[in-house]
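Undergrad: One-letter residues, chain by chain:
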Amino acid sequence: MSSAQEDFRTPGIDVSMRGGLTLVPYVVFWGWLLSRWINDFLLPAGVGVDSGTPYLDPSLFEPISESLAFAVEYLPQLAAGVWATIIITVASITLGFFLAVPVSVARVYGNYTAWASLVFTELIRGTPLLAQLFVLYYGLGLSSWIRELPLVGVGIVPDQAFLVAIVGFTINSAAYQAEYIRSALKSVDSGQLQAGRAIGFSRLAAIRHIVLPQALRFAIPGWSNELVYLIKYSSLAAFITVPELFELGRQIASDNLQYTAVFSLVALFYLAIIITASNLMGVVERRVHIPGLGRGTDR
Amino acid sequence: MTETDLLRIDGLQKSYGDEEVLQDISFSMGEGDAYVLIGPSGSGKSTLLRCVNRLTEPDGGAIYLDGVRVNDEEYDVDELRRQVGMVFQDINLFSHLTALENVSIGLEKVAGLDPESAEERAMAELEQVGMADQADSYPAELSGGQQQRVGIARALAMDPKLVLFDEPTSSLDPELTGEVVSVMRDLAKEGMTMLVVTHEMGFARSAATKMLFLEDGHLVEEGPPEQLFDEPATERTAEFLERITEAESAGSL
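Just so you know, the sequences run in chain order U and B. Heads up: the first sequence at position 55 corresponds to 48 in this note's numbering, and the numbers run straight through without jumps. Just remember that this note's numbering sits 458 ahead of the position in the second sequence, which is counted from 1.
It is worth saying that the hints were derived from the structure and are not from the lab. None of these values were measured; they are calculated from a predicted model. Hints are not guaranteed to be accurate.
If we take Cβ atoms under 10 Å as the criterion, some of the chain U residues that face chain B in the derived model are [stated by the list, open to error]:
| # | residue |
| --- | --- |
| 1 | V17 |
| 2 | P18 |
| 3 | V21 |
| 4 | G184 |
| 5 | R190 |
| 6 | P206 |
Glycine included, C-beta positions come from ideal geometry on N, C-alpha and C.
Kindly generate the complete structure, drawing on both the sequences and the hints.
TA: Set out below in structure tokens:
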């Protein structure tokens, strides 16, 4: 069906930056975001500025550029949405990964479990993500069940819609990640599994110690793609009321009716998150690269 | 022969569909024996070897290791494989591990040694095959001959009673077979029990205690190398050995 490097959704955009660029833009962008999160979430009222209000008066920037003044006014309100987007994405891709590994191993090495795994991945990949979220949120009433759990929505623990979104994206992402890992598993030479068996490893132990460490390396390029998609797809959480980046942008725009301007800012945030994410994955890929082997990808 | 057989094979049988790959194979080896298994391709040599550590399950017959029947539902396959090392034609080193880790991983994860003792032991094995100075290299950074020597060290590290060699030099460039054969020869001299499928007739002549000639799944002839080379009992053995030694000398010209 596909090789380890194949993209299962749509053509990827090469957003990795190689050399040349310094860390300065990263430090400025993430430093500012971090300061906003600390100010908005952690500092008690009265200390720092109010949540979502700019550090400096936007009118100061009007002589330079109207757009800049607009950005200074509205960027702070979007910072909380960036936080939600990142948490949803990181939680879902991580939990999805731990689900995807057994699913893909079952698919490649299992008997009956291979069928269960096939049904799961095809069902999830074959239906719209938004429909899956609706089923979980409205259909199965997962939200009312989660709401009853202790601590949900208390303090920094997110509310039920947020958690349903994480459950939905975890399941969805697990299916896609399982496909990437599955093709990576198949690209590990089967002779090595046999050599492992020949020194006394059980089948499962040989998969764990010999096949998986290699397969997961081969899966990194595909996995990076999945991460980039998930960052953007997390915007669908807006449809189940989660105040992530896209939803906050929508709310702001429906107030000031500056749709183009507000969504341009939203887009810039997504772009910045994605560039950071793919560069991080590039670093990971280089760090775990096996000496002497061709680099797992030719991007 | 030796007082007790280390390996005894009795009426071994294996078929794939209608094709009988091994028919009624019986022989036995004592401790310290080095047997060389020869025969045309498709004669069942590799299948026979793989039946011994049950990478291939035999259909009939019995295999005894140290007097214990090991091809039995009751007998733990992994337990068998801990006692029988194997060196592969395709080498099959673990690509994500260094030479040292390739040897130590079994000691650590299968034999249960602590990481330090495993590493120490692995280093000793690498020294034995002359690969200690490349301990930190990854397989892709090594030549085929070097890789195969690590492959041998990996098999030896588990302290096997018997090591199976499945055409260990066939995938190597001709100029690299020498280093591997010389390691094998040393092993045989030190009394390692070995069952070797190979076309390296130099090794057979100098190190084998016995040669077995297999054709179409039958054990046609067995005997000391001098006998098979100089006074083969059957015409087929003579023909095969003539062909293979011709090919060998043509190669070395």
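Undergrad: Now tell me if each hint is right for this structure.
TA: Hint check results:
no.	hint	verdict
1	V17	violated (36 Å)
2	P18	violated (35 Å)
3	V21	violated (38 Å)
4	G184	holds (4 Å)
5	R190	holds (7 Å)
6	P206	holds (5 Å)
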